[in-house]
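For the protein sequence lines, the chains are A and B, in the order given. Per my numbering: the first sequence = residues 1 to 544. Per my numbering: the second sequence = residues 1 to 316.
Note that these hints are calculated values from the structure, not bench results. Be careful, since some hints might not be right.
Stretch-level coverage of chain A by chain B, calculated; a stretch enters the list once three of its residues show a Cβ under 8 Å from a Cβ in chain B [as the list claims (entries may be wrong)]: (1) 181-191; (2) 228-241; (3) 408-421.
Glycine is no exception: its CB is placed at the ideal position from the N, C-alpha and C atoms.
The primary structure of each chain is shown beneath.
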Amino acid sequence: MLRAPHTFSLLGSIAIVGLLAGCSSTTVTSDEPVEGGVLVYATGDAEPDCLDPHVGGNYPQALLATQYLESLVSKNAEGDILPWLAESWTESPDGLSWEFTLREGIEFTDGTPLNAAAVAANIAHLKDPETGSSTGYLALGKVESTTVVDDLTLRLDLTAPDSALLDSFSMPWLGIQSPTALERGEEVNCASPVGTGPFIVESWTRQDSITLVRNEDYSSAPEDAAHDGLPYLDGIEWRFIPDATTRYAALQSGEVDVIDNPQPNSLAAALDGGEITALLAPRPGASNRIELNSSKPPFDDPRVREAFVRAAGVDEGIESLFFGTVDRSYSVLSSVEKEALSAPEYFEGDLDAANALLDEAGWTERDDEGYRVRDGERLTLSFPVSTNQSVPAEQSLFEQLQATTKDVGFEVILEPLDLSSWYGALFAHEYNLVSAPYTKVGPDVLRILYHSDSTVPAPSGYFANLAQLKDSELDALLTQASETSDPALRGELYEQAQEIVLSGYYAIPLYDQQNNYLLGPDVRGVRALPTVSTPTFHDAWLAR
Amino acid sequence: MPVSGARRVLRWLAVRLAGAVFVLWSIATLIFFALRLVPGDPALAILGGPGSQASEEALALVRQEYGLDRPVSEQYLLAMGRLLVGDLGTSYSLRQDVLGLIAEQFWGTLLLTVLALATAWLLALGLATWATRGSRAGRAVASALEIVAAAVPHFWLASVLILLFSTTLGMLPPVSVPGPLGLVLPVVTLALPLAGFLAQVMRESLADALESPFALSARARGESETGVRLRHAVRHAALPAISLSGWAFGSLISGAVVVETVFARPGLGRSLLKAVTDRDIPLVTGIALVSALAFVLVTIATDALDRVADPRLRGS
Numbered sequence: 001m002l003r004a005p006h007t008f009s010l011l012g013s014i015a016i017v018g019l020l021a022g023c024s025s026t027t028v029t030s031d032e033p034v035e036g037g038v039l040v041y042a043t044g045d046a047e048p049d050c051l052d053p054h055v056g057g058n059y060p061q062a063l064l065a066t067q068y069l070e071s072l073v074s075k076n077a078e079g080d081i082l083p084w085l086a087e088s089w090t091e092s093p094d095g096l097s098w099e100f101t102l103r104e105g106i107e108f109t110d111g112t113p114l115n116a117a118a119v120a121a122n123i124a125h126l127k128d129p130e131t132g133s134s135t136g137y138l139a140l141g142k143v144e145s146t147t148v149v150d151d152l153t154l155r156l157d158l159t160a161p162d163s164a165l166l167d168s169f170s171m172p173w174l175g176i177q178s179p180t181a182l183e184r185g186e187e188v189n190c191a192s193p194v195g196t197g198p199f200i201v202e203s204w205t206r207q208d209s210i211t212l213v214r215n216e217d218y219s220s221a222p223e224d225a226a227h228d229g230l231p232y233l234d235g236i237e238w239r240f241i242p243d244a245t246t247r248y249a250a251l252q253s254g255e256v257d258v259i260d261n262p263q264p265n266s267l268a269a270a271l272d273g274g275e276i277t278a279l280l281a282p283r284p285g286a287s288n289r290i291e292l293n294s295s296k297p298p299f300d301d302p303r304v305r306e307a308f309v310r311a312a313g314v315d316e317g318i319e320s321l322f323f324g325t326v327d328r329s330y331s332v333l334s335s336v337e338k339e340a341l342s343a344p345e346y347f348e349g350d351l352d353a354a355n356a357l358l359d360e361a362g363w364t365e366r367d368d369e370g371y372r373v374r375d376g377e378r379l380t381l382s383f384p385v386s387t388n389q390s391v392p393a394e395q396s397l398f399e400q401l402q403a404t405t406k407d408v409g410f411e412v413i414l415e416p417l418d419l420s421s422w423y424g425a426l427f428a429h430e431y432n433l434v435s436a437p438y439t440k441v442g443p444d445v446l447r448i449l450y451h452s453d454s455t456v457p458a459p460s461g462y463f464a465n466l467a468q469l470k471d472s473e474l475d476a477l478l479t480q481a482s483e484t485s486d487p488a489l490r491g492e493l494y495e496q497a498q499e500i501v502l503s504g505y506y507a508i509p510l511y512d513q514q515n516n517y518l519l520g521p522d523v524r525g526v527r528a529l530p531t532v533s534t535p536t537f538h539d540a541w542l543a544r
Numbered sequence: 001m002p003v004s005g006a007r008r009v010l011r012w013l014a015v016r017l018a019g020a021v022f023v024l025w026s027i028a029t030l031i032f033f034a035l036r037l038v039p040g041d042p043a044l045a046i047l048g049g050p051g052s053q054a055s056e057e058a059l060a061l062v063r064q065e066y067g068l069d070r071p072v073s074e075q076y077l078l079a080m081g082r083l084l085v086g087d088l089g090t091s092y093s094l095r096q097d098v099l100g101l102i103a104e105q106f107w108g109t110l111l112l113t114v115l116a117l118a119t120a121w122l123l124a125l126g127l128a129t130w131a132t133r134g135s136r137a138g139r140a141v142a143s144a145l146e147i148v149a150a151a152v153p154h155f156w157l158a159s160v161l162i163l164l165f166s167t168t169l170g171m172l173p174p175v176s177v178p179g180p181l182g183l184v185l186p187v188v189t190l191a192l193p194l195a196g197f198l199a200q201v202m203r204e205s206l207a208d209a210l211e212s213p214f215a216l217s218a219r220a221r222g223e224s225e226t227g228v229r230l231r232h233a234v235r236h237a238a239l240p241a242i243s244l245s246g247w248a249f250g251s252l253i254s255g256a257v258v259v260e261t262v263f264a265r266p267g268l269g270r271s272l273l274k275a276v277t278d279r280d281i282p283l284v285t286g287i288a289l290v291s292a293l294a295f296v297l298v299t300i301a302t303d304a305l306d307r308v309a310d311p312r313l314r315g316s
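Next up, chain B with everything else stripped away, as it sits in the complex (with noise of 0.2 Å):
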């Protein structure tokens, strides 16, 4: 690549980051001051809940070692303060450091969502393939697949498979287990609805990309079908996919909520549930930045992808 090249590519790579960066900080004030809206004294979260029997001294003590005693603006310097350097602080309900917990849980949510992603990938390629190709009927079918497969919400589909996998057929365990056979349901109903959305996208593009000009010429080349599909169309259809996938995994993100709490998964969705409900204002914090981090690094990684798929971009 010329100098140039990569001199812009830097400069684009660097306009992003500063993006990024400023997207946390959002994030992290806006969470900052959404939860101290939100009802129920943190002391008494600290304390064991709004249950507890408390001292006033036992509070006190802990406004004082949390700081929550100290003006909201000085808090939110401190917290910022703190995020600069990568303290998350402690998880008030586990006492513990909310950076370790993240740690622990992060790869189990992220092995889940990329997985689901890449069956979605696959499948929706399938779905776009057939609904492009088939016949009439053929193509009526997949379409009414991809609507009812966007459509259906995690908790049910995931309450169908249990029934039918595992409860009728007996084939996969209804609940986690170690190796791949446990993730399979869970990965399967985080990918289905997703699947369907992708492939409504790639089924149109699919579809003009396979009516334009250059396919046209390739077919005048005497280029077989499935040759014009793989080299040419597939990737025009997949160009919306690619930019939609950012979004994507941030829809799978919060979709691990259910799925992960439904599959008895460990994992980062199932902390954030148990953090909201037990008001522990670090630990949601915490996987708010960490989920917002991971979306944005995703999203720059599919625009980048889109640069290679699409050289038009390339010079933007």
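In isolation and in its complexed conformation, chain A is listed as follows (with noise of 0.2 Å):
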């Protein structure tokens, strides 16, 4: 998935937050948890356009849809594939057919049966160019065709093997919608997408709110939720807050509950106890990464790679900037994924080891202003920062990173972009180094990142292989990876497979990408589902 663009902080950097604890409440001390009364949850992330995540397929709209959407399966805090709206699967033994059978007696919240046909309707939708879904027709690219075997069973047919099946099915831009409300047409079904999930979508004023209200006949709960009956809350009151003060600001003063993207030191402060509390959560799929684009100079020679990935000290500034709250990744793989090689050995700073590189690369010489020179040419590099999907204190790690690298001589070109001029330069390959988080479940994003057929741009012109990773070995333990359902083998294969990324020096990874949640004295029993780290509130309650 790709990160949509989130936290506009108009005030960011120059403001102080007050240090001060907001209000002061008389809290109920009991565990036992209370019914009724509504949530205010401020996201900072962007407004879906729809809200229904089959089309496009965000963050944001994960965000929204964990609420009133629900999934074959889920996954538990361990990664292990969890049954939901599918009680059993089975694959056949050539991988190319699965059988799901779905739990009985589920009804989406418009009065439709959750069946096998209605199951085959949403893959149909995911799958029709009309809907312009993105991720979940990426995560289907290898269904061929569906079957409904009886009422409750439904048969996939596949083109190859695909060992990240479940793991795709798991995530919420495939959440299963009603069927009826899917033949309402994209408008209507846009503004109140229908499924099985704890909440209904009441109303949504734009710019403002969306206002969801509990799911009376709600009966699927996943098996790791805290208890089984309708949730607690009467209801969630999701608010638009763009700006990250004033959000902090509104939890604060008990206008709101929870708040999402807080800035490092709002998080730091509530890690350090207080009424506020975080919940951190960090994203299943890649880290956050700089990609070293390895297919125009001077990246296409591993010796700069390397030179510049031994120059580019970032531990100090993830440390500073973020207040403790991250910590340092050594694995392009997020820590939630079982499969995550870390290999710290390949990011130790050395200028020394640098210098002699750079040197040995032809880039001996240095101009007045101390960037290294090579046939009269800088060794320049030009990095596009997506404003939007870049936090200020990601912004500002890598102008640290820009002031290391110079010690060796690189000069670092930091342009801060909108989303679209940072696509734009990307589409035109006028990058050497970027940033661009990926979400996905499992390690199976590996081959969406770095196998060759990434380098092929989409109609639309975008690419996902970023550094230009072009290796046919690397290319074959991916595909070989995705089709084998032998969990040791897999893991040993994805294992050599970040071996040839990490050493090739492609990639700088930074730390997770992380979800962070900050919670007022009042709310208990948040979690976020260990899927894609969306919050769920059937378990919250409000203690007041």
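With the hints as a guide, bring both chains together as one complex.
Here it is, written out as structure tokens:
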């Protein structure tokens, strides 16, 4: 999934966020859940254009869809697949055919029964070009056809084995919707999608809020939920507050109960204790990385790539700019992925080694400003930065990187751009460095990010392999891993694949892409679903 | 009013309205061509932005549906023709009628800007009166305040006000809530810089008016100092400020982009910001035109007010 613009911070770095604790309220100390009340959630992620996550498929849609849609399967905190709307499933020995059996007696909130035909309609909807699905469409790339075996059993036939199929079905972008509701057409379904989830979309006031009310017939909680029955809350008011400082002020004053995307300093304050508590949830898939474009000079030379990586000391910057709220990562995969290979040895800072490597690569001279020069050409790197996707602290980190790599003679040119212009620069290959987060459940994200097929642009110009890595050995490993159902072999293949990426100095891992939530003093029982770390409020209650 | 007077007013109005139509047409034309210079494929914007996996067929379909495959001159004529009948088209990102979307957001922004303008006027009158009446020290303080107020940027002021009145004092909500309480901080944020600016203008003409012969003769007739100010001087002092209010309204609309975003208020300014980042050409065009229309109408209204406040203008 492409990370959608979030945290538009106007005040950002200028504002001094209040250190004073907000309101004082008398809290109920009992641990017995209280029924009722409306929880106010304030998001800094963009307001979706469409509440049906099949259309497009970005993170803001996933945050919302988690409240009213459910998936065929889920994941627990250990990363094991759990049954959800599907009770059980079997894979044929050749991996080309899957049968899913659905839970009995579940209805969508419009009264339509959940059955095999309904799931088939959802898959058809995702695969229909008219829907304009991006995330779901890609995830179902190997699904060729569906057959309704009986009322509750659906068979999927694939073009090739797909070890990522269950991971894909666990994502909110493949949430199952009422087929009756889907038939109402895009405009209506975008405003009021219908699922089986704990809450129902009641109304949407653009630029302001979405009102969600309790599903009074809710009966399909996943196995790892704290309780089985109806949600405790009467509903959720989902507000859009784009500015991070305002959002935090609203939480402090008790105007809202839960916020996402807090600034690192607010998060650090909450982690230090006090009435406001923090919930940290690393996203699955890839970590946040800086990719080195290996398709053009100077990074087509592995020595220059290594020199850059050795010179780019980011540890201190991460520590100071994020107030200790994130850990440095040495893996291109998120720490929640079991297959993640962490290799700190490739990222040890060594300025002497960097200088020697650059000398060896022919960048021997320095100009008046101290930058290295070869054949009259300066060692310049262009680094387009998406101001929509990189939070202010991350942008500052890139500025520090610019300063540290200058010591060995790199000139890094940071170009802050809005999302469309940023994509424009990438499509035109006008970059040497880029940071582009990608969220997908499971290690198969490596295939999307580093398989040579992903250097071929879609008709829109989009391609995910921004390091421009074209390595036939790596391609073979990634393809084989995606077709292997043996977990041990799969793990081994992914390890070898990551070794190629890391030892080739194609990327600098920074930290996990992390979802951070701050909870007000009365909020209890909120957890993030282990699939893509979206918050679920089925178990939540308000102690007031 | 005599017949010739009414006719003169009507002619004045007709000229102004014709001018307004010309201004709107120019703006529509300018926006139409300017937005075609912005990088980014409109067909992609329609299909969910540059990160979408839209197929070649889907792109072709959209280009045909929105007429993007036709020559630019034809697209321009079509767009202008639609504008003539009041059709602003369909938003690329929200797939809804632009006119309906604007109608939804318009009143919030209008309320915000009108209240801010009124507040700015009151504050400016207060400041200007204080500056011309008070002691030397008082005058210095007042004019310093004017300069500071006129210079502070909205986003900074907003964060300071939130920090002071919401986080520290807990008096006012930092985000928009139903009812008048949620309006206080956004209105004050918008009004303060403008008040500083208007006060500077008013102070000068107020001081001039108080020293002019008509003030002297009023005083000589035994009019109290307050009477001189209220009945004679303020009217004079208000003239340049009234003329500036048209301009001020325009600056308030652009200030609304920042204020609505920071205080999470729904409105045209916030829609415009989102439309620009989404490359939503019909929505950007629509909002720009509606803002231009509002600006033009307010300018005509302030000119009319000028004529009421200043009889010298009526003859011209």
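Tested hints:
Counting residues of the region 181-191 of chain A whose CB lies closer than 8 Å to any CB of chain B gives 3, which reaches the minimum of 3, so the coverage claim holds. Judged by the Cβ-Cβ criterion of 8 Å, the region 228-241 of chain A is covered by chain B as claimed, because 3 of its residues qualify and three suffice. For the region 408-421 of chain A, the assignment as covered by chain B holds, since 4 residues bring a beta-carbon within under 8 Å of that chain's beta-carbons and 3 suffice.
When each numbered hint is compared with the structure, no violation occurs for any of them.
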